[in-house]
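Chemist: Sequence:
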Amino acid sequence: SWAKFLKEGMEAGVLEWEGKVVGVELPRTVALEVTQTDPGVKGNTKGSGGDKPATLETGHVVTVPLFVQEGEMVVVDTVTGDYMGREKA
Numbered sequence: 006s007w008a009k010f011l012k013e014g015m016e017a018g019v020l021e022w023e024g025k026v027v028g029v030e031l032p033r034t035v036a037l038e039v040t041q042t043d044p045g046v047k048g049n050t051k052g053s054g055g056d057k058p059a060t061l062e063t064g065h066v067v068t069v070p071l072f073v074q075e076g077e078m079v080v081v082d083t084v085t086g087d088y089m090g091r092e093k094a
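One rule links them: number in my numbering = place in the sequence shown (from 1) + 5.
None of these hints come from the bench; they were simulated from the model.
Among these hints, one or two may not hold up.
[What the hints assert, rightly or not] Have a look at the derived ranges for each label pair, beta carbon to beta carbon:
| id | residue 1 | residue 2 | range |
| --- | --- | --- | --- |
| 1 | T60 | M15 | 13 to 21 Å |
| 2 | E23 | G54 | 47 to 55 Å |
| 3 | V80 | E30 | 14 to 22 Å |
| 4 | E30 | G64 | 17 to 25 Å |
| 5 | K57 | E23 | 24 to 32 Å |
| 6 | T60 | K93 | 43 to 51 Å |
| 7 | G24 | V80 | 33 to 41 Å |
[Stated by the list, open to error] In silico BS3-like cross-links for lysine-lysine, where the CA-CA straight-line distance does not exceed 27 Å:
| id | residue 1 | residue 2 |
| --- | --- | --- |
| 8 | K57 | K25 |
| 9 | K25 | K9 |
| 10 | K9 | K57 |
| 11 | K57 | K12 |
| 12 | K93 | K9 |
| 13 | K12 | K93 |
| 14 | K12 | K25 |
Ideal Cβ positions, reconstructed from N, Cα and C, are used throughout, including at glycine.
Sequences are here, hints too, so could you generate the full structure?
Modeler: Put into structure tokens, the structure is as follows:
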């Protein structure tokens, strides 16, 4: 469902049919904050592998690498729901 990627202030297209909303068109990717995940262990780097679940600000749960921490912004593909990477500052 598209609702798991929608957050306040985000621009999205609304598809209507006979006056009723039938869909929402989101950007291909969105940046969302990680609100809950297990802490990473020192030494967990991109090359060491391993994943863990992370809950995002919208409630969507995504699989992220071990080095991702709470409070970080991550980029998620709105079509697949997959983690794409950390948001670049």
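Chemist: Please check whether T60 and M15 have a Cβ separation lying inside 13 to 21 Å.
Modeler: holds, 19 Å
Chemist: Has the given pair, K93 with K9, been kept, meaning a C-alpha gap of at most 27 Å?
Modeler: holds, 22 Å
Chemist: Check the following: the C-beta atoms of G24 and V80 are separated by a distance inside 33 to 41 Å.
Modeler: With a Cβ separation near 34 Å, G24 and V80 satisfy 33 to 41 Å, so the hint holds.
Chemist: Mind checking the alpha carbons of K12 and K25 for me, to see if they're no more than 27 Å apart?
Modeler: holds, 21 Å
Chemist: Look at the Cβ atoms of E23 and G54 and judge whether their distance stays inside 47 to 55 Å.
Modeler: holds, 50 Å
Chemist: Against the 27 Å threshold, does the CA-CA distance of K12 and K93 hold or violate the hint?
Modeler: holds, 19 Å
Chemist: Between K9 and K57, does the CA-CA distance stay at or below 27 Å?
Modeler: holds, 19 Å
Chemist: Return holds or violated for the Cβ distance of T60 and K93 against the range 43 to 51 Å.
Modeler: violated, 22 Å
Chemist: Does the hinted range 24 to 32 Å hold for K57 and E23 at CB?
Modeler: Violated - the Cβ-Cβ distance for K57 and E23, about 44 Å, lies outside 24 to 32 Å.
Chemist: Between E30 and G64, is the Cβ distance one that fits in 17 to 25 Å?
Modeler: holds, 21 Å
Chemist: For the range 14 to 22 Å, tell me whether the beta carbons of V80 and E30 fit it or not.
Modeler: With Cβ atoms ~18 Å apart, the hint holds.
Chemist: Would the pair K25 and K9 pass a check requiring their Cα atoms to be no farther apart than 27 Å?
Modeler: Holds, at about 20 Å.
The structure does not agree with the numbered hints 5, 6, 8 stated previously, though it agrees with the rest.
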